[in-house]
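Here is how the chains run, residue by residue.
There are 2 protein chains.
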Amino acid sequence: MPTLTSDHISRQFDAELDGLRSRVTQMGGLVENQIERAIAAFLSGDLDAMEQVIADDHRINGLEVSIDDECAHIIARRQPAAGDLRLVMAVSKIVTDLERIGDEAAKIARTAREIYQRDRLQVPRLADVRKLGELGVEMLRDVLNAFVRLDVVESARIIRSDAMLDDNFRGILRQLITYMMEDPRTISSALDITFIAKAIERIGDHSKNIAESVIYVVKGKDVRHIAIDMMEREALGNED
Amino acid sequence: MPTLTSDHISRQFDAELDGLRSRVTQMGGLVENQIERAIAAFLSGDLDAMEQVIADDHRINGLEVSIDDECAHIIARRQPAAGDLRLVMAVSKIVTDLERIGDEAAKIARTAREIYQRDRLQVPRLADVRKLGELGVEMLRDVLNAFVRLDVVESARIIRSDAMLDDNFRGILRQLITYMMEDPRTISSALDITFIAKAIERIGDHSKNIAESVIYVVKGKDVRHIAIDMMEREALGNED
Numbered sequence: 001m002p003t004l005t006s007d008h009i010s011r012q013f014d015a016e017l018d019g020l021r022s023r024v025t026q027m028g029g030l031v032e033n034q035i036e037r038a039i040a041a042f043l044s045g046d047l048d049a050m051e052q053v054i055a056d057d058h059r060i061n062g063l064e065v066s067i068d069d070e071c072a073h074i075i076a077r078r079q080p081a082a083g084d085l086r087l088v089m090a091v092s093k094i095v096t097d098l099e100r101i102g103d104e105a106a107k108i109a110r111t112a113r114e115i116y117q118r119d120r121l122q123v124p125r126l127a128d129v130r131k132l133g134e135l136g137v138e139m140l141r142d143v144l145n146a147f148v149r150l151d152v153v154e155s156a157r158i159i160r161s162d163a164m165l166d167d168n169f170r171g172i173l174r175q176l177i178t179y180m181m182e183d184p185r186t187i188s189s190a191l192d193i194t195f196i197a198k199a200i201e202r203i204g205d206h207s208k209n210i211a212e213s214v215i216y217v218v219k220g221k222d223v224r225h226i227a228i229d230m231m232e233r234e235a236l237g238n239e240d
Numbered sequence: 001m002p003t004l005t006s007d008h009i010s011r012q013f014d015a016e017l018d019g020l021r022s023r024v025t026q027m028g029g030l031v032e033n034q035i036e037r038a039i040a041a042f043l044s045g046d047l048d049a050m051e052q053v054i055a056d057d058h059r060i061n062g063l064e065v066s067i068d069d070e071c072a073h074i075i076a077r078r079q080p081a082a083g084d085l086r087l088v089m090a091v092s093k094i095v096t097d098l099e100r101i102g103d104e105a106a107k108i109a110r111t112a113r114e115i116y117q118r119d120r121l122q123v124p125r126l127a128d129v130r131k132l133g134e135l136g137v138e139m140l141r142d143v144l145n146a147f148v149r150l151d152v153v154e155s156a157r158i159i160r161s162d163a164m165l166d167d168n169f170r171g172i173l174r175q176l177i178t179y180m181m182e183d184p185r186t187i188s189s190a191l192d193i194t195f196i197a198k199a200i201e202r203i204g205d206h207s208k209n210i211a212e213s214v215i216y217v218v219k220g221k222d223v224r225h226i227a228i229d230m231m232e233r234e235a236l237g238n239e240d
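Taken in order, these protein sequences are the chains called A and B. The opening residue of the first sequence carries number 1 in the UniProt record's numbering; numbering runs sequentially from there. The opening residue of the second sequence carries number 1 in the UniProt record's numbering; numbering runs sequentially from there.
The set of hints was computed from the structure by calculation and includes no laboratory data. Please note that the accuracy of each hint is not assured.
Since the list gives no way to pick one copy over another, a pair counts as held whenever it fits inside one copy or between any two copies.
[Said to hold, decoys possible] In silico SDA-like cross-links for lysine to any residue, where the CA-CA straight-line distance does not exceed 25 Å:
1. 198 / 177
2. 198 / 82
3. 198 / 218
4. 107 / 48
5. 131 / 142
6. 198 / 85
7. 107 / 230
8. 219 / 62
9. 107 / 229
10. 219 / 61
Pulled out of the complex, with its shape left as it was, chain A reads as follows:
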């Protein structure tokens, strides 16, 4: 029964691809949680929570290696073509971006620890960093949803929204410079907060990379490095 057999193989393959996608989603959830906890710990000064984020980073690293390994195995065993191959290759890039977002979470926790261990006196401009953090987490959550639904319209919107995160970052930077100039004793802490804001801004960059990968999977067009207008035209091409 060749048809049944090939049906069976094809169903098995589909199940493998579904499994791969759900593992990416699982990893994404873990990364999102790390970022949220790191920012919350920075805002509250909870040293135990900072330590926990730093300690949990290895779980994300482990997932990157094993999902990547799965990608190589699927390609070798199934020899996927077209959209399936694009999905597997995109997953291999997406887990690298997720792992690096995880690194930023650990970096935020380590820098926060340094700030609070040095002096608890003044941690300026928390409200703006909180806002930036919310934007960063939202962008990550949106792009994970866009990946699950392979939603190119939403991905195009996410790519465009990265500019807002960059603007917010520059606003925080200007405020911190004023702060440092007014009271040079705050320079060390203000510099550390700059690095935390920078880490959040990088979450936006990585989320944007992931959004580009989603468009690549669906459309088979590489939208990296083309102007936003052209990119949106490519991404939305058949949706109009």
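Go by the hints and put chain B onto chain A.
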């Protein structure tokens, strides 16, 4: 003549893989040149050279997209296995790291332009940034050579050497903090120099990623996220 034909196909495939590797090397050379020119322009204050680096970034972006595309085509057409598949998948990751090093070069040039357009009065600690830049470029050059020769011993050494770059960065940061405290008027420029130093330090991170990819190609072992000692044992396994 089936043997001749399969020989022919295999020789064609080898030629394709060689072509892929030489295009990565070509892209690496371009990235190295961008970094060198960006740092030199920052050190000399040459605004024209800064503009040139910013304008040339698109050439690197174009190479990333086309090499990545080639990787997908080789996998779809040749269905490579084992070491060949690892090489193609690693190349797809390596060009992403190279492209992001290119981004750092453009970032250095843009930040340098901001510093010199703001005020030419004092750009502190140039000697240390020059040293850091030399270390970063050396690391990139070394890892490109390690990729060409698929040299795991050298790759392991490069991964270890990244710590030196981090130490140098932290030294520069301490000096810049002292500088800002002594003369708060330098805060804006000192902060920009911090970002330039940070960009160079990230070149080290990406070079380390590339070195890990080289070890993965040769050994088929994923050495990301394991302790340096264990990583060296893995990498050097059959060389002893």
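Results for each hint:
Taking the shortest Cα distances, residue 198 and residue 177 sit within 25 Å of each other both inside one copy (14 Å) and across copies (18 Å). Proximity of residue 198 and residue 82 under a CA criterion of 25 Å is satisfied in neither setting, with 37 Å inside one chain copy and 39 Å between copies. When the C-alpha separation of residue 198 and residue 218 is checked against a cutoff of 25 Å, the pair qualifies neither within a copy, at 31 Å, nor between copies, at 35 Å. For the identical chains of this complex, residue 107 and residue 48 are intra-copy neighbours only, at 15 Å inside a copy versus 36 Å across copies, given an alpha-carbon limit of 25 Å.
In this assembly of identical chains, residue 131 and residue 142 lie within 25 Å of each other by CA distance solely inside one copy; the values are 16 Å within and 41 Å between copies. Taking the shortest alpha-carbon separations for residue 198 and residue 85, neither the intra-copy value of 34 Å nor the inter-copy value of 36 Å comes in at or below 25 Å. When the C-alpha separation of residue 107 and residue 230 is checked against a cutoff of 25 Å, the pair qualifies only between copies, where the shortest distance is 23 Å, while the shortest distance within a copy is 35 Å. Only between protomers do residue 219 and residue 62 lie at most 25 Å apart by alpha-carbon distance; the minimum there is 19 Å, versus 30 Å within a single protomer.
With identical chains, the CA atoms of residue 107 and residue 229 are at most 25 Å apart between copies only, with a shortest distance of 23 Å across copies and 34 Å within one. In the homo-oligomer, the alpha carbons of residue 219 and residue 61 lie at most 25 Å apart only across protomers (19 Å), although the nearest pairing inside one protomer, at 29 Å, exceeds that limit.
Hint compliance for this structure: hints 2, 3, 6 are broken, all remaining hints hold.
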